[in-house]
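Chemist: Protein chains in written order, with the working numbering: chain H, 1 to 232; chain U, 1001 to 1199.
No lab work stands behind these hints: they were computed from the structure. It is possible that part of the hints are untrue.
Stated by the list, open to error - Reference listing, derived: stretches of chain H covered by chain U, where coverage requires no fewer than 3 residues with Cβ under 8 Å from a Cβ of chain U:
(1) 99-107
(2) 163-176
(3) 212-219
What the hints assert, rightly or not - Partner residues are not named here, just some residues of chain U that face chain H (Cβ under 10 Å, in silico):
(4) Thr1143
(5) Leu1151
(6) Val1166
(7) Phe1183
Unchecked claim - Take a look, some chain U residues computed to stay more than 12 Å from chain H by CB distance:
(8) Ala1098
(9) Ala1111
(10) Gly1133
(11) Cys1134
(12) Thr1135
(13) Glu1136
(14) Ala1156
(15) Glu1157
(16) Ser1180
(17) Ala1184
For every residue, glycine included, the Cβ atom is placed at its ideal position computed from N, Cα and C.
Now for the letters of each chain:
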Amino acid sequence: MTTTHPIRRRVLQAAGVTSGLSIAFVAIVGFAHTEAGRPLLRYIPGMSACPLDGPPLTAEDRMRVREQTLGPLAGTTPASTRTVLAFELGTTRRHDVDAWALAHGLACAPGRKLALRCTDVPAAALGGSGDLDEVSFDFAPDDTLVALEGSARLADASSAAAFVARRDASLRTSMGEPTTARGEATAAAVARGPLSQVSREFRRSDVRAQVVATNLGHGRFGVREFHQLLPG
Amino acid sequence: MIRNTFVASLGALALFLGGCGDDTSDDTGVSGPTTGDPTVDPTVDPTEEPTTVDPTEEPTTDPDSSSGDPVACVVDVCATYGAAVPAVAGQIVDIAAADPLFEADFAPLVAEGPAAVDAFKLSLANFISDAYGCTEGAYTGPTMVEAHTGLAITQAEYDAFISIIVDVLTTNGVPEDDISFCFAPTLVDPAFVETIVGL
């Protein structure tokens, strides 16, 4: 029977403990840098956690916050229709969107925060908008559609301006005059310089919509469109 | 220098960084706009031309514009817009909190109540003010990369937030040239974007 020298044993024990603690430290730090682990930062002294990393709310609480946040943005008269692109706010359900995605062969998955995000969505699937790189959906607890957001990066100002012009005309038909209109929907206005922007916003008592084209610099132009069902 | 720090701070603001600091700090004496008030009075008068332009200052040339043409920021950004930072920070938070793409990010904060939201706005303003050179040590939060690692922010989200910033700047009467020549270069700089997107 062999015996380990006491000093050597203590060195080995210390090395083992040190290694274990190091591995645990690396694991905790690594986990804290993941989305799931970031809330842990709240418990580290002197390391203020981002307030936006708070625990997720229940669906009901989110709807309550929605009312609080969106309420002040409501217009005075209702929109004549809640139909947007291929959907209807407040009526279309999650399974309808799933069926739509399947029918058009779209790649969709849960978004970072929103319920569903589909990529490379062709204009043909949207019934009126242009091709969009991404379309995201959000649903109420009863599974009805409450928000729709789409965006794309384009290579020329003309296409970006045309997107706004086309969507502006469509929204004026369904919602009337925009509440806010900034810039002319022309290539010259969008191409003027980095962060030049053309936008339209429509606020009604039940729906809010916005369409915008932004010069992102380096010859890239972003277009974006969103529609929200307002509470009440 | 001022231009770069200010636009860098706006970029951080755009992606929530500033608000990730000590959200209880109130030792700067700066008060942000209140929750639910998206129509805060801007410090910048939209009808008034900036009055602090230094005519002796050489324009900054940035060859990395979208068109490749030289661009020039001819205003002292801090002197011209520094006082508006708390209002601008507050408005960006208000607009982002109501935006469908960011609403879920802000919902837990809004659920904590107006005090939490105002503290967040104040922290954002402190970050900008520090980066801007108007204050020192007001912001105590993490670095940009630290703040965004693990969030998996997408390019589309970055672009959307940039559009919100432009909207707020425009609403507050910032001339288009100042947006393009003073604020844009860093915000659209791919190297800057890489510190935020896809981490």
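Chemist: Now, for every hint given, state plainly whether the structure supports it.
Modeler: Going through the hints against the structure:
Counting residues of the segment 99-107 of chain H whose beta carbon lies closer than 8 Å to any beta carbon of chain U gives 0, which falls below the threshold of three, so the coverage claim is violated. Requiring three or more residues with a Cβ within less than 8 Å of a Cβ of chain U, the coverage given for the segment 163-176 of chain H is violated, as only 0 such residues are present. Residues of the segment 212-219 of chain H with a Cβ under 8 Å from some Cβ of chain U number 7, which satisfies the need for three, so the listed coverage holds. The interface hint given for Thr1143(U) is violated, since its Cβ lies 12 Å from the closest Cβ of chain H, which is over the 10 Å cut-off.
Here the hint on Leu1151(U) is kept, as its CB sits about 6 Å from the closest CB of chain H, short of 10 Å. Among the interface hints, the one on Val1166(U) holds; its C-beta lies about 5 Å from the nearest C-beta in chain H, closer than the 10 Å criterion. For Phe1183(U), the shortest C-beta to C-beta distance to chain H is roughly 7 Å, which falls under 10 Å, so the interface hint holds. A beta-carbon of chain H is positioned within 12 Å of the beta-carbon of Ala1098(U); the least distance is around 5 Å.
Here Ala1111(U) does not stay apart from chain H, with its beta-carbon only about 5 Å from theirs, under the 12 Å limit. The beta carbon of Gly1133(U) sits about 22 Å from the closest Cβ of chain H, which is more than 12 Å, so the claim that it is off the interface holds. At roughly 22 Å, the least C-beta separation between Cys1134(U) and chain H is larger than 12 Å, which holds for a residue marked as non-interface. With a cut of 12 Å on Cβ distances, Thr1135(U) stays outside the contact zone with chain H, its closest approach being about 18 Å.
Non-interface status of Glu1136(U) relative to chain H is upheld: no Cβ of that chain comes within 12 Å, the nearest being about 19 Å off. Not every Cβ of chain H is farther than 12 Å from the Cβ of Ala1156(U); the closest lies at roughly 5 Å, contradicting the non-interface assignment. With a least beta-carbon separation of about 7 Å from chain H, Glu1157(U) fails to lie farther than 12 Å from that chain, contradicting its non-interface assignment. Its closest Cβ contact with chain H, about 3 Å, brings Ser1180(U) to no more than 12 Å, contrary to its assignment away from the interface.
Not every CB of chain H is more than 12 Å from the CB of Ala1184(U) (nearest about 4 Å), against its label as outside the interface.
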